[in-house]
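Asks: Residues per chain, in single letters:
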Amino acid sequence: MSLDKISETVRFGLSYERMRVEVASYNLAISNLALKSGTPSTVQRVAVPSGFFQHMQGKPIVITESVEERLQVDHSHPLADEKGLVHYPKVDAAKEMATLVSATRAYEANIRAYNSLRAMTLKAFEIGKQT
Amino acid sequence: MRYKMSIDTITAINTVRLVMTLQEARARVAAQNIALANIPNSKVSYLDINTPMSQLRAALADPVTLVETIDRQSLQSIESLVSKRHQNIDVLSLDNEVAELSTASGRYQALADGLSRQFALMQMAVRGGK
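Chains B and D, in that order, are what the protein sequence lines are. Here the working numbering runs 5 ahead of the position in the first sequence, where the first position is 1. Here the working numbering runs 2 ahead of the position in the second sequence, where the first position is 1.
Bound conformation, chain B alone (with noise of 0.2 angstroms):
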């Protein structure tokens, strides 16, 4: 049963969790790094291992996903094209965001579980303990 490995889990809440806000972070960097011709547009997402649902075990991936581009027009630009546009990739900021806000509040929940579970833990390894 799963939840006989509940710190297995949360422990791969947390990866999950941080993966998530380094992903975003990672996005949110390159959204305005020029592509160089012929380079794919594409942005970063996290997902999870096949079969992770069976044995809630595994750890978070990372996979590329395509974007569409953004074109800005800037002549002087070294890797603008014959046409003078600049390639960028599409990032939605606010999407970023919102994922970057709530991985962190996630992440805090998950350190908030492992912390209680510890402490249950702890107290339960206190009964019967002489004083």
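Hints may contain errors.
Covered stretches of chain B, going by a simulated chain D footprint (3 or more residues, C-beta under 8 angstroms) [what the hints assert, rightly or not]: (1) 12-18; (2) 21-35; (3) 102-112; (4) 120-131.
In short, the hints are calculated from the structure, not lab data. For every residue, glycine included, the Cβ atom is placed at its ideal position computed from N, Cα and C.
Use these hints to put chain D onto chain B, whose structure you have.
Replies: Chain D in isolation, oriented as in the chain B frame:
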């Protein structure tokens, strides 16, 4: 003739142990829901703690029924009390789950403390009050 008797120490300890098991399961279910809060296609788990608790409360009046209820519930697995809802994880409230976890954790620790005190009293009685 059925004699009215008070709850003995062993029954009291067993009752506390059973409720501690339920509170621990409650905390684990909340922790699992928190861990899966932002994972797409995950399901929310629910633990029905009200049914066993109301059965225990109803049995408190009669010690014999209480012992039977504790024995029956001790054999029942926690899994049978957990249900997974196929609804979207988006309906999950992270605040509610954290509150649920904190409540369960607090009650578990209070019960463990009570159990420790009970054992301390028993140890004192064994030592002859020394």
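Asks: Work down the list of hints and note, for each, if the structure agrees.
Replies: Right, here's what the structure says about each hint:
no., hint, in the structure
1, 12-18, "holds (count 4)"
2, 21-35, "holds (count 3)"
3, 102-112, "holds (count 4)"
4, 120-131, "holds (count 7)"
Consistency note: the structure conflicts with none of the earlier hints.
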